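Engineer: Residue numbers (my numbering), protein chains in the order written: chain A, 1 to 303; chain B, 1 to 303; chain C, 1 to 303.
Think of the hints as simulated: they come from the structure by calculation, not from any bench.
A couple of the hints might just be wrong.
Claimed, not checked - Here are the computed lysine to any residue pairs in the SDA-like style, where the Cα-Cα straight-line distance is at most 20 angstroms:
no., chain 1, residue 1, chain 2, residue 2
1, B, K292, C, K291
2, C, K49, B, G253
3, A, K49, A, I17
4, B, K104, C, T99
5, A, K172, B, F147
6, B, K220, B, L255
7, B, K262, A, I17
8, C, K172, A, F147
9, B, K292, C, T99
10, B, K180, C, E31
11, A, K292, C, T270
12, C, K292, B, E294
Here the structure is a predicted model, which means the values were calculated and not measured.
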Amino acid sequence: MEKSVREISDFLDGQIIGNHEKKIIGIAVLEEATETEISFVTNKKYLQKALETKAGALILSEKIQTNATQILVKDSYLAFAKVMSLFFVENLVPKISQTAKIHKTVFLGKNVFIGENVFIGENCEIGENTKIFPNVTIYPNTKIGEFCRIHSGTVIGSDGFGFVPTENSVLKIPQTGSVKIGDFVEIGANCTINCGTLASTEIGNFVKLDSQVHIAHNVKIGKCTLIAAQTGISGSTEIGKFVQIGGQVGIGGHLKIGDFAKIGGKSGVTKNVKENETVFGYPAREINLTKKIEAVLRKMAKK
Amino acid sequence: MEKSVREISDFLDGQIIGNHEKKIIGIAVLEEATETEISFVTNKKYLQKALETKAGALILSEKIQTNATQILVKDSYLAFAKVMSLFFVENLVPKISQTAKIHKTVFLGKNVFIGENVFIGENCEIGENTKIFPNVTIYPNTKIGEFCRIHSGTVIGSDGFGFVPTENSVLKIPQTGSVKIGDFVEIGANCTINCGTLASTEIGNFVKLDSQVHIAHNVKIGKCTLIAAQTGISGSTEIGKFVQIGGQVGIGGHLKIGDFAKIGGKSGVTKNVKENETVFGYPAREINLTKKIEAVLRKMAKK
Amino acid sequence: MEKSVREISDFLDGQIIGNHEKKIIGIAVLEEATETEISFVTNKKYLQKALETKAGALILSEKIQTNATQILVKDSYLAFAKVMSLFFVENLVPKISQTAKIHKTVFLGKNVFIGENVFIGENCEIGENTKIFPNVTIYPNTKIGEFCRIHSGTVIGSDGFGFVPTENSVLKIPQTGSVKIGDFVEIGANCTINCGTLASTEIGNFVKLDSQVHIAHNVKIGKCTLIAAQTGISGSTEIGKFVQIGGQVGIGGHLKIGDFAKIGGKSGVTKNVKENETVFGYPAREINLTKKIEAVLRKMAKK
Numbered sequence: 001m002e003k004s005v006r007e008i009s010d011f012l013d014g015q016i017i018g019n020h021e022k023k024i025i026g027i028a029v030l031e032e033a034t035e036t037e038i039s040f041v042t043n044k045k046y047l048q049k050a051l052e053t054k055a056g057a058l059i060l061s062e063k064i065q066t067n068a069t070q071i072l073v074k075d076s077y078l079a080f081a082k083v084m085s086l087f088f089v090e091n092l093v094p095k096i097s098q099t100a101k102i103h104k105t106v107f108l109g110k111n112v113f114i115g116e117n118v119f120i121g122e123n124c125e126i127g128e129n130t131k132i133f134p135n136v137t138i139y140p141n142t143k144i145g146e147f148c149r150i151h152s153g154t155v156i157g158s159d160g161f162g163f164v165p166t167e168n169s170v171l172k173i174p175q176t177g178s179v180k181i182g183d184f185v186e187i188g189a190n191c192t193i194n195c196g197t198l199a200s201t202e203i204g205n206f207v208k209l210d211s212q213v214h215i216a217h218n219v220k221i222g223k224c225t226l227i228a229a230q231t232g233i234s235g236s237t238e239i240g241k242f243v244q245i246g247g248q249v250g251i252g253g254h255l256k257i258g259d260f261a262k263i264g265g266k267s268g269v270t271k272n273v274k275e276n277e278t279v280f281g282y283p284a285r286e287i288n289l290t291k292k293i294e295a296v297l298r299k300m301a302k303k
Numbered sequence: 001m002e003k004s005v006r007e008i009s010d011f012l013d014g015q016i017i018g019n020h021e022k023k024i025i026g027i028a029v030l031e032e033a034t035e036t037e038i039s040f041v042t043n044k045k046y047l048q049k050a051l052e053t054k055a056g057a058l059i060l061s062e063k064i065q066t067n068a069t070q071i072l073v074k075d076s077y078l079a080f081a082k083v084m085s086l087f088f089v090e091n092l093v094p095k096i097s098q099t100a101k102i103h104k105t106v107f108l109g110k111n112v113f114i115g116e117n118v119f120i121g122e123n124c125e126i127g128e129n130t131k132i133f134p135n136v137t138i139y140p141n142t143k144i145g146e147f148c149r150i151h152s153g154t155v156i157g158s159d160g161f162g163f164v165p166t167e168n169s170v171l172k173i174p175q176t177g178s179v180k181i182g183d184f185v186e187i188g189a190n191c192t193i194n195c196g197t198l199a200s201t202e203i204g205n206f207v208k209l210d211s212q213v214h215i216a217h218n219v220k221i222g223k224c225t226l227i228a229a230q231t232g233i234s235g236s237t238e239i240g241k242f243v244q245i246g247g248q249v250g251i252g253g254h255l256k257i258g259d260f261a262k263i264g265g266k267s268g269v270t271k272n273v274k275e276n277e278t279v280f281g282y283p284a285r286e287i288n289l290t291k292k293i294e295a296v297l298r299k300m301a302k303k
Numbered sequence: 001m002e003k004s005v006r007e008i009s010d011f012l013d014g015q016i017i018g019n020h021e022k023k024i025i026g027i028a029v030l031e032e033a034t035e036t037e038i039s040f041v042t043n044k045k046y047l048q049k050a051l052e053t054k055a056g057a058l059i060l061s062e063k064i065q066t067n068a069t070q071i072l073v074k075d076s077y078l079a080f081a082k083v084m085s086l087f088f089v090e091n092l093v094p095k096i097s098q099t100a101k102i103h104k105t106v107f108l109g110k111n112v113f114i115g116e117n118v119f120i121g122e123n124c125e126i127g128e129n130t131k132i133f134p135n136v137t138i139y140p141n142t143k144i145g146e147f148c149r150i151h152s153g154t155v156i157g158s159d160g161f162g163f164v165p166t167e168n169s170v171l172k173i174p175q176t177g178s179v180k181i182g183d184f185v186e187i188g189a190n191c192t193i194n195c196g197t198l199a200s201t202e203i204g205n206f207v208k209l210d211s212q213v214h215i216a217h218n219v220k221i222g223k224c225t226l227i228a229a230q231t232g233i234s235g236s237t238e239i240g241k242f243v244q245i246g247g248q249v250g251i252g253g254h255l256k257i258g259d260f261a262k263i264g265g266k267s268g269v270t271k272n273v274k275e276n277e278t279v280f281g282y283p284a285r286e287i288n289l290t291k292k293i294e295a296v297l298r299k300m301a302k303k
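With the rest of the complex left out, here is chain A (with noise of 0.2 angstroms):
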C-alpha cells in the first residue's frame, strides 16, 4: 500500500510541516523506519529517538526540531491507532480447523474461524466474523457475540468458586449458569471467565481484555470497558462501561464501578467505586489520597 503524507493528514484531521507529497508505504518504530516509513511519537520519553529517526514521516502531537515531514495531531495515541488500521487490515480467512472439537449443538456464525485443537461444548453460539484461536475451551451454554477474538488457552464458562466448608470436608455449590459475551469482544491469551451459579457471567460490546485476566462467577461488565493483564474480577461484581482497569487489579465480590471509573495497576478495590472516579492502592483509595499518604511515608521514614 502507498499513501501520502496528505492522505494520510486528510484521514487523521492533521496539520503537515514539510512534505506533503512525500509517499509512504510503511510504519516502523523510531529505531528501525527508513525515509519512505511513517513513525510516530505517543510517548514523551521518545522525544530524543524522534530527533534521531531516519523515518520520512513522524505522526506527534507537538512540532519537533526535525528534518522529517511532520503530521500534527491532537491526539498522536489514537492518530496512531488510526494509521495502523489503515496500513494492517486484518482480513479473517473463515476456517474451521479439523482438529477443533465442535459439539453438535453449536451454533455457528457465517465467517468464523476456529482454531486447531479448540473445544466448543453443547448449546454454544459463536457469532458472525468472530475468530478463535489455537487450544481456547469453551463450555457448554457459552454464547459468544460477532466480531470477537479469543486468544490461545483462554478458558470460558469453567466453574465458579462456590465451595462451603463443613466439619470434616467442603461442599460444592453447583454452578449452573452460562457467559454471554457481546459483540466486537476481544479476550487476551489464558484467560479464565466463570460461567455464573445460577444466572450468566456478562461481558458487554466492545470489552478488551488482555492476557491472564480471570473474570468470576456472576460478574457483568459493561460496554467499551479494557481490563489490563492479570487482573482479576471477584463474583458478583458489576463493572461499568467505558471503565479502564489497570494490570493486576484485583477487585472483590459484590461490588459496583461505575461508568467511566479508572482503577490504577494493582489496586486492590474493597468498596464500590463511583463513576468517574479515579482509584488506586491497596487498599484502593481516591487517588489523591493515595498520592499523599505515599509522601506523608516518605517522609516519615527520612526523620
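Using the hints, position chains B and C against chain A.
Structural biologist: For chains B and C alone, kept in the frame of chain A given last:
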C-alpha cells in the same frame, strides 16, 4: 424435580413462614425467579431485591416483610449450597475422549471422564470418578485421587523454578519429583502445579483451588483448604488444613501457615501464620494491625 | 549411577568431613534420604532436620554435629544444583508428535521435541535441541533459539493490549510484530508472551520465566534474568541482564530496569530501577526505605 417447601425446609433444618405445601420446581436468582422457584439471600446487600422478587419461596437467615414463603435457616449460604446440590445432581458420564493422549503406563480408575486433547504422561494415576476437562496437561508421575475435577487449561507437574545464576549463564536444577493430589479435590481453570524437586508436591483431600492459582514445587496443602483465584504459593511452603486464602495472595517460600488460618485478598505473606490467625496486607500483618495502620494513614493524610 | 563422596566433593570443590570412599547412588530430601543417598541443607530452617536425617552424606555450607559424612561447600544451593545435574541428566529424546499442528513454513532445528497438541503458526523458527511441551501455542513469526524448554499451556506471540477508546466504541491497534527468544531460555507453564506491535518482543539468552508470567508487547529482557511466577511486565519496558524479579511483581510500561537489579516479591514498579538497585513495595521503593516505612507504621499503630 418437584419438592414442597416442607421437604426443602426439613432437608435444611429450617423454619417455614408461609405455605408449607407450596411446590417448588427450581432455583433462580432473585431478579429472575418465578412463583414455582425458590430463591435465596446470602448477602445483606440483596435484601431490597428480596423484597421485590417474584420467587415463590425464599431461603434466608432473617425474616423479612414479604408475601413469599420464607425458609429461615442458620447459615443461608450453606443452605443455598445444599439446595443447589439437591436440584442439580451432577452425573458424571464416564468417557475417554478419542483425542486425549494417555501414556500406556497410566492407571485410570473406573468411571473417569477424560476430556478432549487432554495429555497424561507416563506413570500417572487417575482415581475413580475423577473428571479431567478438555485441554488439561498432566506431566509424568502425577497421582490424582478419586472424585476430583480438574478444569481446562490447568497444567499439573511442570518443572518448578529452580535456577542458580552463575558468572555467565544460569544453571538449572533438574525437577525430578512428582505431584500427589488427594480425593475430592477441585482445581480451577488455567492453574499450574509444579512437581517437587526431589520429593512431591502434595494437595490434601477436599482442597479447592480457584482459577489461575499457582502452586510451586514441594508445597504441601492440608485437607479442606480453599484458595481463591490468582493466588501463588512459593516453593516448600506448608499450608495447614481448613485454611482460607483470598484471591491474588502471594505466600513466600519455606513458610508454615497454620490450620484454620485466614489470609485476606491480595496479601503478601512473608512470615509464618499461626493456627486460627487472620492476616491481611502487604506485607501481611495480623488483620487488626493492618486496619489500624490504614486508619492512621487516612487520618495523617487529612492534616 | 554410583559416585563416591570423594568424586562428588571434587566436582564441587568441597571439603569432606567423614568417609571419602562412601558410595552414593542417589539424592533425596532430608526426611527421605537413606544410607546410600546424599542430601543437602540450602536453608538454615532445615538444620534440625539435617541432624536427624538418615542420609549417608550431606552437602552444606557449615559443619554440623552429625555422624553423616559432610561435604562443606561455599554455596550449598549452587552445589545442590550441580549435584542434581550430575545425577539427573535430562536426555532430550527428539520427537514431533503426530497431533502437533506445525505450519509448513516453520523451520525446525535438529533434535527438537514437539509435544502433543502443540500449535506452531507460519514463519516460526524452533532452534536445535529445544523442547516444546504439550498444549503450547506459538503464533506466527515467533523465533525460538536452541536448547530452550517451553512448558505446557504457554502462549507465545498473541496480540498485545493496544486499544484506544473512542466516543462509542474501542479502536484496536493491529499487533503486527514478532517474538524473538534466545538460546537456553526456559518458560514455565501457562505464561503469555505478546508479539510486538510493530517491532519485536525480545527475550535474551538464559532468561528463565516461572509459571504464569506475562510479558507484554515490545518488552526486551536481557540475558540471564530470572522472573518468578505470576509476574507481569507492561509494554515497551526494558529489563537488563542478570536481573532477579520475585513473584507477582508488576512493572509499569516504558520503564528501564538496570542490570543486576533485584525486585522483591509482589512489588509494583512505577519508576526506572537503577543498575544493582534492590527495590520492594507497592509502590516499589529502595528496599531500605520500604523497610523503614514498615517499621514506622507498626510503631504508629501501637500508640
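Engineer: Each of the hints needs a verdict: does it hold here or not?
Structural biologist: Status of each hint after checking the structure:
1. Of the supplied pair hints, the one linking K292 (chain B) and K291 (chain C) holds, its CA atoms being roughly 18 angstroms apart against a limit of 20 angstroms.
2. Only pairs whose Cα atoms come within 20 angstroms are accepted, and K49 (chain C) paired with G253 (chain B) is accepted, the gap being roughly 17 angstroms.
3. Between K49 (chain A) and I17 (chain A) the alpha-carbon distance is near 19 angstroms, which keeps this suggested pair within the 20 angstroms criterion.
4. In summary, the hint linking K104 (chain B) to T99 (chain C) is supported, as the alpha carbons are separated by about 17 angstroms, within the 20 angstroms threshold.
5. Restraint check for K172 (chain A) and F147 (chain B): satisfied, since their Cα atoms lie roughly 12 angstroms apart, inside the 20 angstroms limit.
6. With a C-alpha separation of about 11 angstroms, the suggested pair K220 (chain B) and L255 (chain B) falls inside the 20 angstroms cut-off, and the hint holds.
7. Only pairs whose Cα atoms come within 20 angstroms are accepted, and K262 (chain B) paired with I17 (chain A) is rejected, the gap being roughly 63 angstroms.
8. For the suggested pair K172 (chain C) and F147 (chain A), the alpha carbons sit about 12 angstroms apart, so the restraint of at most 20 angstroms is met.
9. Distance hint between K292 (chain B) and T99 (chain C) is unfulfilled; the C-alpha atoms sit about 57 angstroms from each other, more than 20 angstroms.
10. Using a Cα cut-off of 20 angstroms, the hinted pair K180 (chain B) and E31 (chain C) holds, with the two alpha carbons roughly 17 angstroms apart.
11. Restraint check for K292 (chain A) and T270 (chain C): satisfied, since their Cα atoms lie roughly 16 angstroms apart, inside the 20 angstroms limit.
12. At most 20 angstroms may separate the alpha-carbon atoms for a hinted pair to count; K292 (chain C) and E294 (chain B) meet this at roughly 17 angstroms.
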